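Go ahead and model the full structure; you've got the sequences and the hints to work with.
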Amino acid sequence: MTEGIRFHYDVDGDNFTSAGEASVNVKKKLRQMGFDPDVIRRVSIAMYEGEINMVIHADGGEADVEVLSDKIIITLADKGPGIPDIEQAMQEGFSTAPDNIRSLGFGAGMGLPNMKRYTDSLEIESEVGVGTTVRMTVNV
Amino acid sequence: MTVKELTEALSLEVLTMPEPDREITGGYAGDLLSWVMGRARSGDAWVTIMTNMNVVAVASLADTACVVIAEAAEIDAGIVERAESQGINLLRSADPIFAACSRIAAACGL
Numbered sequence: 001m002t003e004g005i006r007f008h009y010d011v012d013g014d015n016f017t018s019a020g021e022a023s024v025n026v027k028k029k030l031r032q033m034g035f036d037p038d039v040i041r042r043v044s045i046a047m048y049e050g051e052i053n054m055v056i057h058a059d060g061g062e063a064d065v066e067v068l069s070d071k072i073i074i075t076l077a078d079k080g081p082g083i084p085d086i087e088q089a090m091q092e093g094f095s096t097a098p099d100n101i102r103s104l105g106f107g108a109g110m111g112l113p114n115m116k117r118y119t120d121s122l123e124i125e126s127e128v129g130v131g132t133t134v135r136m137t138v139n140v
Numbered sequence: 001m002t003v004k005e006l007t008e009a010l011s012l013e014v015l016t017m018p019e020p021d022r023e024i025t026g027g028y029a030g031d032l033l034s035w036v037m038g039r040a041r042s043g044d045a046w047v048t049i050m051t052n053m054n055v056v057a058v059a060s061l062a063d064t065a066c067v068v069i070a071e072a073a074e075i076d077a078g079i080v081e082r083a084e085s086q087g088i089n090l091l092r093s094a095d096p097i098f099a100a101c102s103r104i105a106a107a108c109g110l
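Chains as they are written, first to last, in my numbering: chain A, 1 to 140; chain B, 1 to 110.
Quick caveat, the hints were computed from the structure, so don't treat them as lab data.
Nothing here was measured: the structure is a model prediction, and the numbers come from that model.
Mixed in with the good hints, there may be bad ones.
Computed footprint of chain B on chain A; a stretch qualifies when at least three of its residues, placed anywhere within it, have a C-beta under 8 Å from a C-beta of chain B [unchecked claim]:
#1 11-20
#2 45-51
#3 129-138
Some, not all, of what chain B presents toward chain A, calculated at C-beta under 8 Å [unchecked claim]:
#4 ASP31
#5 MET37
#6 ASN52
#7 ASN54
Computed list of lysine-lysine pairs in DSS-like fashion (alpha-carbon distance at most 30 Å, straight line) [what the hints assert, rightly or not]:
#8 A/LYS28 / A/LYS79
#9 A/LYS79 / B/LYS4
#10 B/LYS4 / A/LYS29
#11 A/LYS29 / A/LYS71
#12 A/LYS116 / A/LYS29
#13 A/LYS29 / A/LYS79
Note that CB positions come from ideal geometry on N, CA and C, so glycine has one too.
Structure, rendered in structure tokens:
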């Protein structure tokens, strides 16, 4: 398989209002590359949820997007507190977000469920005290 | 119905309307941004009272046709500027969410 096109972003953990810049940028690039609007929407929403999670829980992190001919792979890696119980975190409505985040309309326990809903595969590797890596694939 | 036609039909306040000819194909109401992002469909008129900066990103990513701020909620000029630069139609209504939705649904035949 030919080497894909890669994009890398540092996600700033201090600035909640700018969260989503990487996802919006990816959306723009995929549109320029002529991808189907539904694929673009799924990739950008899943990535945005991941970005928001890294800002809320992990003081930011790194986002990598690899665009291949048959799929788009999004990898989000942080050095945050880790997820003690991934199965519980995957449940709609389960949230550990603080009140100030909830007042902004996030923290409803929809982040990971949305990421699963919008992607074809979602893999989570997490170690408490070390960090979390989320790898999502959207088939084209 | 286009976004511009909706603003005229309901006398909505136009905060910014960079894409006036965008077609409205459905509607969604909600303030929990993750919920909206998971459930709103492309082309929806999204009615909310949430007015923080993240509303612009959610509208962009969910690809809604427009955002209608209900209850004439206050919104910072910086957020309106961000919406304009990202091609997000941002409208405002004095109606509460329920009334705004029913009027939009009637006008658009939803």
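These are the hints, each one checked on the structure:
{"no.": "1", "hint": "11-20", "in the structure": "holds (count 5)"}
{"no.": "2", "hint": "45-51", "in the structure": "holds (count 3)"}
{"no.": "3", "hint": "129-138", "in the structure": "violated (count 0)"}
{"no.": "4", "hint": "ASP31", "in the structure": "holds, 6 Å"}
{"no.": "5", "hint": "MET37", "in the structure": "holds, 5 Å"}
{"no.": "6", "hint": "ASN52", "in the structure": "holds, 5 Å"}
{"no.": "7", "hint": "ASN54", "in the structure": "holds, 6 Å"}
{"no.": "8", "hint": "A/LYS28 / A/LYS79", "in the structure": "holds, 28 Å"}
{"no.": "9", "hint": "A/LYS79 / B/LYS4", "in the structure": "violated, 46 Å"}
{"no.": "10", "hint": "B/LYS4 / A/LYS29", "in the structure": "holds, 28 Å"}
{"no.": "11", "hint": "A/LYS29 / A/LYS71", "in the structure": "holds, 15 Å"}
{"no.": "12", "hint": "A/LYS116 / A/LYS29", "in the structure": "holds, 23 Å"}
{"no.": "13", "hint": "A/LYS29 / A/LYS79", "in the structure": "holds, 27 Å"}
Checked against the numbered hints given earlier, this structure breaks hints 3 and 9; the rest are met.
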